[in-house]
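Q: What follows is each chain in one-letter form.
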Amino acid sequence: MSAPALEVRDLNRSFGALRVARDINLTLERGARRALIGPNGAGKTTLVNLITGALAPSSGSVALNGEDITKVSQAERARRGIARTFQINQLFRGLTVLENVVMAIGERTGDCNNLWRPAGTKRIIIDEALDHLDSLRLVEDSLKLVRELPYGRQRLVEIAIAMAQKPRVLLLDEPAAGVPSSESHLILDVVASLDPDIAILIIEHDMDVVFRFAQQITVLVAGAVFTEGAPKDIRADERVRAVYLGQDAGAGHG
Amino acid sequence: MAASDANAVPAVTMRARAIEYIGKRHRFHVWEALPWILIAAAYFVFPDRMTFGTQVLIAIMFALSLDLILGYAGIVTLGHAAFFGVGAYTVALLTARLNWGEPVTSLIIATLISAAAGFISGWFLLRYRGLTLLMLTLATAILLQEAGNYRSDITGGYDGVPGMEIWKLFGVFENDLYGRTYYIYIAVLLFLVFLVVRRIVYSPFGAALTGIRENVRRMHAIGSPVHRRLVAAYTIAAGIAGMAGALFAQSTAYTTLGVFDFESSAKVMVMLILGGTGRLYGAFAGATIYMLLEDHLAKLSPEFWQFGIGLLLVLAVLFARRGLLGLIEDIGIYFKTGGKS
Ligand SMILES: Nc1ncnc2c1ncn2[C@@H]1O[C@H](COP(=O)(O)OP(=O)(O)OP(=O)(O)O)[C@@H](O)[C@H]1O
Ligand SMILES: [Mg+2]
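So the sequence lines, in the order shown, correspond to chains A and B.
First residue of the first sequence? That's 1 in my numbering, and the numbers climb one at a time after it.
First residue of the second sequence? That's 1 in my numbering, and the numbers climb one at a time after it.
Check each hint, because a few of them may be wrong.
Unchecked claim - Cut-off 30 angstroms, straight-line C-alpha distance, at most; resulting in silico cross-link-like pairs (BS3-like, lysine-lysine):
no.	chain 1	residue 1	chain 2	residue 2
1	A	K122	B	K24
2	A	K166	A	K144
3	B	K336	B	K24
4	A	K144	A	K122
5	A	K166	A	K122
6	A	K71	A	K166
7	B	K24	A	K166
8	B	K24	A	K144
9	A	K144	B	K336
The hints are simulated quantities; they were obtained by calculation from the structure and are not laboratory data.
Could you put the whole structure together from the sequences, leaning on the hints where they help?
A: So this is what it looks like as structure tokens:
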């Protein structure tokens, strides 16, 4: 009985009259590499918010490793192994890069419950943080304040924090958005080399990246799953071309 | 920043440097002795002004408690005087109603009761943020004040608690006419409280509070029990504010419902903002300067004082967003970098 890492069932959510999630079903097997694509405003970020618990669904359920977590708080879901990165950076801008990552480790290990021991003196935590930074080639920036970094490197800190959570399920919301293509390669290489056991859902507009990285693709249109399948099927699907790929080739995304 | 010249540094060196920096950040700097030297020096230089000095120390303690929640955790409250008031009234009612005027035990009781008040109100209020929280904290202080007014048969209402009698400190030291005894007593307590707050601020818990201030969405996303952390910080801050209130009641042997005034909550916030938030010593600088100015200007002319403090706030917002200490820091950086930044 190997339950999927993440299972979303008949999820619904509206903002007023706008239905941003309509009967969404989505499964991430252990170690999945799934891309979530769809036009702007399709509800991709909203789906991530529903999965992480930042938003409550009006109906439907979310299960993690077969356990229903629909009623579980966002923080508790994170502690149970769901991590996400944000489309628009959500970092501790006034803290150093190292402190940003240490924070995630501190909350994961419960170290942040300690009111007395000086932070930063637990070598095992600092070493782990620096290892994460090392894998993203961020060590040289570790003592810089996040707000002093160029946007592209801040995007890497987003990923470093998510990695420091040691997630079982990782949701990446356009990790390379807003990054010059010269630097986006580093980000996507990092994503590609993540632990194969982690189930990953990546939202990405760059079709080359999607087709290279993903084993499955889900296409979301107007809050509903339009279709899903292997990259070659999606690429060949005329309807997908019409609603998304054609538009993408014409207009591009920001 | 320690790593401003990191470009050419190999990763291994940088790694060692980062470990060194973060592992030593909490250590005391030499300049941190300065406020304590000044507090000690004031005792010898102005021996006949210790009643005023005592009030400055109390204001510092009050502002320090606010710094923990406002400066570090980013909780904006306009009702912090509620806890100062609870502390003051605990002491006052203990002596006036229960004939218990022993300073140390009543101080401890006052601190615990204020902390409990912080825990209970914080548990409910800290689910909210921003303007809502502002209003709710303000309302809490007003509610307490009104409750005190409603039972003025017990509290003495706005005329103050009648018949307060504070016993000798440790059964030995009378509070002399110049307030010297209490100055020393409160200075020692302030030092202890400061050590505790400083310890907390540099702990992993303190880091989490800073994280909540910097980006609460991220804290939720990394699994931080935000509400629990805020309530914990709020409880501690309320306890310290209550201790300051208790010391106020003990040192003046006088308390009225005026301690719950909105003005009192606003005043401590102005002090902290003037000195600089989120840096511990901002409370020292801000409270001292505010009290000195109030002492001088308010005597000269009450209207001018109101105008003066308003002007000071405007200047602070325009030129010293991060308070006086922030300004000093910026000037220091300016000269270090030769005016390049
Ligand atoms: N908090 C909110 N309140 C009201 N409407 C919202 C809210 N958040 C998102 N929306 C709306 O929901 C729709 C889906 O938004 P969402 O951000 O999920 O789209 P997306 O697929 O991530 O788009 P993009 O590719 O631009 O990131 C949009 O029309 C958006 O305006
Ligand atoms: Mg989005």
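Q: Each of the hints needs a verdict: does it hold here or not?
A: Hint check:
no.	hint	verdict
1	K122/A / K24/B	holds, 11 angstroms
2	K166/A / K144/A	holds, 24 angstroms
3	K336/B / K24/B	holds, 22 angstroms
4	K144/A / K122/A	holds, 20 angstroms
5	K166/A / K122/A	holds, 18 angstroms
6	K71/A / K166/A	holds, 22 angstroms
7	K24/B / K166/A	holds, 27 angstroms
8	K24/B / K144/A	holds, 16 angstroms
9	K144/A / K336/B	holds, 18 angstroms
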